[in-house]
Amino acid sequence: MEENILRGTLPFSETVSEIITQGRVPLATYRLQFGPNFTFQDAQGLVPYFHDLGISDLYASPLFKPCSEQSHGYDICDHTQFNPAIGSQEQFDELSKTLQNKGMGLILDVVPNHMGISGDRNIWWMDILENGPSSPYSCFFDIDWQPVKPELHNKILLPILGDQYGKVLEGGQLRLAFEKGAFFIYYFDNKLPVAPRTYIQILAYPLDALANTLGKESQYFQEFESILTALRYLPLRTESDPKKLEERKREKEVIKRRIMTLYQNSPEVRAAVDQAVKAFNGKSGDPHSFDLLDALLRDQAYRPAFWRVASDEINYRRFFEINNLAAIRMEHPEVFRETHQFIFQLLVEGKVTGLRIDHPDGLRNPRSYFLRLQETHILEKVRAREAQEKGQPNGEFPQGSLEDFWKAKGAQILGELTKAPSSWPLYVVAEKILSKGESLPEDWAVCGTTGYDFLNAANGLFVYPQNARAFERIYEHFIGKTIHFPSLINASKKMIMLVSLASEINSLSHALERISEKNRWYRDFTLNSFTFALREIIAALPVYRTYTPEGGTVSPRDQSSIEAAAEEAKRQNQRTAEAVFDFLRDTLLLRNLGDFPEEEREKLIHWVMKFQQITGPVMAKGVEDTAFYIYTRLVSLNEVGGHPDQF
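The sequence shown begins at 456 in the working numbering and counts up by one.
The hints are simulated quantities; they were obtained by calculation from the structure and are not laboratory data.
Straight-line Cα separation of at most 35 Å, DSBU-like style, residue types lysine-lysine; simulated pairs:
{"hint": "1", "residue 1": "604", "residue 2": "973"}
{"hint": "2", "residue 1": "699", "residue 2": "604"}
{"hint": "3", "residue 1": "711", "residue 2": "671"}
{"hint": "4", "residue 1": "891", "residue 2": "936"}
{"hint": "5", "residue 1": "704", "residue 2": "635"}
{"hint": "6", "residue 1": "707", "residue 2": "738"}
{"hint": "7", "residue 1": "604", "residue 2": "1025"}
{"hint": "8", "residue 1": "557", "residue 2": "806"}
{"hint": "9", "residue 1": "635", "residue 2": "698"}
{"hint": "10", "residue 1": "671", "residue 2": "635"}
{"hint": "11", "residue 1": "1058", "residue 2": "1025"}
{"hint": "12", "residue 1": "671", "residue 2": "707"}
{"hint": "13", "residue 1": "610", "residue 2": "646"}
{"hint": "14", "residue 1": "738", "residue 2": "646"}
{"hint": "15", "residue 1": "891", "residue 2": "1025"}
{"hint": "16", "residue 1": "610", "residue 2": "973"}
{"hint": "17", "residue 1": "552", "residue 2": "836"}
{"hint": "18", "residue 1": "949", "residue 2": "622"}
{"hint": "19", "residue 1": "738", "residue 2": "711"}
{"hint": "20", "residue 1": "610", "residue 2": "635"}
{"hint": "21", "residue 1": "699", "residue 2": "610"}
{"hint": "22", "residue 1": "610", "residue 2": "698"}
{"hint": "23", "residue 1": "646", "residue 2": "711"}
{"hint": "24", "residue 1": "1025", "residue 2": "973"}
{"hint": "25", "residue 1": "711", "residue 2": "698"}
{"hint": "26", "residue 1": "1065", "residue 2": "610"}
{"hint": "27", "residue 1": "635", "residue 2": "738"}
Full structure from sequences and hints, please.
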């Protein structure tokens, strides 16, 4: 079907124009928080009531499978199925029919920035823990496999422990277990897979005793030795050759089945494996008895650590500083496909009529993501229409051909869309917080924000500006001091960067230092100067983030924000050499890109993109989660996106 579009055999322009005019815009929405105590069936029973209220569209919290059935829904672990705690596909379909019968729509909350990784429900994350960089999902998550700390190369830091690692280990809280031919390490509710190649350490432990029990000529003993040989030949988890990776993926599962079969068929082998597991789990009061488990853990693709270590050494990007929410790389077409396939199916079927996008500022390129939503929506509508005309099922979500489609038809689609930019074919709103004087980027393919800006404007109608001075005197008398709000924001953002998000800032400064070393003009800037200057510029940045595209030009809006931040950083640090601030300014504006060798320019652009993903969490944690709880002159002004200093 995509090939027909590419060849131009379909009336593409007319079809797109028709789809655009069919776009649905809600009149009034009502948010529903789904969970174990409020299911699809509960919502269905309330639809007539909402209709009588004048609600045109329900707005649903995330509906897909989370890490916990008691979850709020934002820790999605599987984008291809509904949360079983809130209902089945059939129950959702019944809710959808009831809404359609009333002429009502359903707006779905979509979480494109991160996934939940707690427990063992996220099969992508579990595969990465088992296989490290060789996992087919290793590029799905934003992981730094070569972080500053050498001990973490090709490993993931897991800040899940409640105390220092040594205390937890010798306290017997880390436990090895054997399940269905595989080994796992448990820490309370955390289930960590053991790398297949390291099964050798466990299975070799009882080898001599098993030889004496069974005899070396026993078929069971020979199968046991054959399994050990197969494990030794498994490709390493740092392997990058596609054929070797496919071999590893296949053979490790074959080996697990062989282990389980042998475990079930031979009582002697079963006793030997159980005894090995017991030995690895150590004895309370005997520190050296935990050496075996310690050695096994050192050889895994992860490093369990005290949760407080995360702020300094974590090497995967998170949602803010929440360790159980790992950022995904939505800029990769494969990740987009895997996480949106079910969403577009629901859209094409008319069961979902709009999307609310959570935290788009965490994405590498929000503009590209929003445009891809609109483009894919059109493609899926066209595919469904042709399938219907031919009496065929809609077919699967397109794969490689979709990228070809975008290249060939992206400009034409955009041209059709921008003829009436207020009428995007898919109703999308962005959960975007706008700073003082900031407007929504004009090139985002959205119908607006979720309304923080509107609510603050509406609240302002109830605030009488002429009373500001009197109210300020009352507040200062009550707290016993004067607070300069801009200075409080600056200090709060710096505190966040020094405590909660220190690892992110340190990673940025180390990466920039490595790049600057390649240029004789910039190599004398020190690591400490970069770290300090980065904190100062981010603290002074007047917006949540900038949106410089990869290889593109910096917008006047972003240029103004970055230059203002650099000047403010200089003003506050007059004893610091201006050169380091100027270098950071020019780097963020891509002005000095030509000063670097060709091979370093891509790294520099990548650094700028990473910088842009960090500034939003710093602003959110520093302002809404810190400054708003300190400066409370009039609490109604302290809502998300508000400006408490403006009375």
